[in-house]
Amino acid sequence: MKPLTPVLPSTRIALGISFFVLFVALWSAVTFSGWVSPIFLADPLKMVKSGYTLLTEMGFLKDIGMTVWRVVGGFLIAAAIALPLGVMMGAYKPIEAFFEPFVSFARYLPASAFIPLLILWAGIGEAQKLAVIFIGSFFQLVLMIAVVVGNTRRDLVEAAYTLGASDASLVKRVLIPGAAPEIAEILRMVLGWAWTYVIVAELIGASSGIGHMITDSQALLATDQIIFGIIVIGLIGLASDLFFKWTNRRLFPWAQLGK
Amino acid sequence: MNILSVRGVSRSFESAGRAPTVALQATDLEVSENDFITILGPSGCGKSTLLRIVAGLDTQTSGEVLLDGKRIAGPGSDRGMVFQSYTLFPWLTVLDNVCFGLRERNLPRAEQLDIANAFIGKVGLRGFEQHFPKQLSGGMQQRTALARALANNPRMLLMDEPFGALDHQTRELMQELLLGIWEGERKTVLFVTHDIDEAVFMASRVVVMSARPGRIKLDRTVSLPHPRHYSMKTTPVFSELKAELTEQVRAEVIASQQLQAAS
Ligand SMILES: Nc1ncnc2c1ncn2[C@@H]1O[C@H](COP(=O)(O)OP(=O)(O)OP(=O)(O)O)[C@@H](O)[C@H]1O
Ligand SMILES: [Mg+2]
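These protein sequences, in sequence, are chains X and B.
The opening residue of the first sequence carries number 6 in the numbering used here; numbering runs sequentially from there.
The opening residue of the second sequence carries number 368 in the numbering used here; numbering runs sequentially from there.
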């Protein structure tokens, strides 16, 4: 192995899959051998079976749909406001000076700690779930986008000015396109965090969703269902991550060059 | 009629806790239409500072800079600049980089493409229109930057060691290319360089700046005929001028090193 030397795509996929295989093998070993009691950890086979029942008979698909809807909804609202605000903060220093201290402070407020308060304000309906995700992702997005936009190479800015760019078109034609791939990366990362918030919100007060199913299963000591729920979250997360990466590569081919 | 007048321009940089650094002291320079002026001087004598002030990217502490009789207030498309560092927009192809300034002026796309393609041809990059900057060599990137600046049809071209990062052979080819374009377009050029050969070969006038704080201490007209060919670098006229400039620049480099040692 040499530092930073890339591997073949086929090798990369094989290596990635082999860890999953190893993981499941270890899991099977400790459960099938009876080393860990089924009360604490169900074996993979049982998990798959009850997962199938969940999907076909207990309407788990609807739960999944609800959770996805909440994450995407809350995240889109957060991104729709965070994008313009973050870009303006990165580009115009007085705007940054106005918002930055508060946003930095708000960023450290734990979204999950807001849940009791939000239940008080918005009940346990959808508004509360969206609000948790919004609080959890909005401030992070704003701050990270502002930093990326503010870090635009100064020599590119100067080059644009000597080519006759106005201030408005500097923002539109240099700051935004230059920062776009990194902004897309930020969106991908923060979407991952939004997933953890939604589950917490559903664990505490909800009548549907993956988190809700998990709390229900806990009452029945159904570790197989809990694990299935967790794995579904992981798989959806992985799928959305791959989709984001693929889209980013498509949208910004230039950012891949020389990497 | 002078296109550019630099009158008593100085620039000092404030620094916390120390006396301000005087980068440039009361500098005068008159540039007439179609001049190709190369600027030589020791490192840190204020060459980039002077060029940046003319470009409008920096503001003088005192004095004034007039372009066509009007005071310069900020950067504009009438003064194209080519930087030493590679400043192509990485997200745009060669073609769109060259179109950048044209699009800024809201020209119809067809017209943009006509102009851009003409300049891409002039700098010898036909066939690379759809490449991104990272897919080009350093020399090709600087040629694109040159095309991008020229496409805007600026009154003046400001170049700050544009070939500084290139190898010797590429550099000589770039010199001939730029000179060829200048002979054709007759632009007015201010060109900073460390290379005395380059300074003499390209210039209609060479100026030498003194050690920091910089000012212009020598101003020579280069009377080599046009079109120039690299074989002229061995003529007596060239060698004599080169010898004189080498002597002058050397004295300033030594002075600036003594200055550094003293501080
Ligand atoms: N932004 C700045 N802040 C403080 N000092 C500066 C700044 N820019 C330049 N200087 C100082 O001004 C002096 C002249 O700098 P300048 O870049 O113009 O030199 P130069 O002649 O272009 O040198 P080189 O040949 O190495 O490029 C230097 O001593 C430098 O330290
Ligand atoms: Mg310099």
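No lab work stands behind these hints, which were simulated from the structure alone.
All figures in this text were calculated on a predicted structure; none of them were measured in a lab.
Careful, some of the hints might be misleading.
Going by beta-carbon spacing under 8 Å, a handful of chain B positions derived as facing chain X [said to hold, decoys possible]:
1) Arg-446
2) Phe-450
3) Phe-456
4) Pro-457
5) Gly-491
6) Phe-495
7) Lys-501
8) Gln-502
If you want a taste of the chain X side facing chain B, the calculated C-beta under 7 Å gives, among others [stated by the list, open to error]:
9) Phe-37
10) Asp-160
11) Leu-161
12) Tyr-166
13) Leu-168
14) Gly-169
15) Ala-170
16) Asp-172
17) Pro-182
We treat Cβ as the ideally placed atom computed from N, Cα and C, and that holds for glycine.
Against the structure, the hints come out as follows:
1. Proximity of B:Arg-446 to chain X holds as hinted, the smallest CB-CB distance being about 6 Å (cut-off 8 Å).
2. Because the beta carbon of B:Phe-450 sits about 6 Å from the nearest beta carbon in chain X, less than 8 Å, this interface hint is met.
3. For B:Phe-456, the interface hint holds, since its Cβ comes within 8 Å of a Cβ in chain X; the closest pair sits about 6 Å apart.
4. Nearest Cβ of chain X to the Cβ of B:Pro-457: about 6 Å, under the 8 Å cut. The hint holds.
5. For B:Gly-491, the interface hint is violated, since its Cβ never comes within 8 Å of a Cβ in chain X; the closest pair sits about 21 Å apart.
6. Residue-level restraint check for B:Phe-495 is violated (minimum Cβ-Cβ distance to chain X is 14 Å; threshold 8 Å).
7. For B:Lys-501, the interface hint holds, the least distance from its beta-carbon to any beta-carbon of chain X being 4 Å, beneath 8 Å.
8. Annotation: B:Gln-502 was flagged as interfacial toward chain X, and the flag holds, the nearest CB pair being 6 Å apart, inside 8 Å.
9. Below 7 Å, beta-carbon pairs count as interface contacts, and X:Phe-37 has none with chain B, the closest being about 52 Å; its hint is therefore violated.
10. A hinted interface residue such as X:Asp-160 counts as satisfied when its beta carbon comes closer than 7 Å to some beta carbon of chain B; here the least separation is about 5 Å, so the hint holds.
11. The interface hint given for X:Leu-161 holds, since its Cβ lies 6 Å from the closest Cβ of chain B, which is under the 7 Å cut-off.
12. For X:Tyr-166, the shortest C-beta to C-beta distance to chain B is roughly 4 Å, which falls under 7 Å, so the interface hint holds.
13. Of the supplied interface hints, the one on X:Leu-168 holds, with its beta-carbon coming within about 4 Å of a beta-carbon of chain B, less than 7 Å.
14. Interface hint status for X:Gly-169: upheld, as the beta-carbon distance to the closest one in chain B is roughly 3 Å, under 7 Å.
15. Using the Cβ-Cβ criterion of 7 Å, the hint placing X:Ala-170 at the interface with chain B is satisfied: the shortest such distance is roughly 6 Å.
16. With a least beta-carbon distance of about 10 Å to chain B, the hint placing X:Asp-172 at the interface is violated under the 7 Å criterion.
17. For X:Pro-182, the shortest C-beta to C-beta distance to chain B is roughly 5 Å, which falls under 7 Å, so the interface hint holds.
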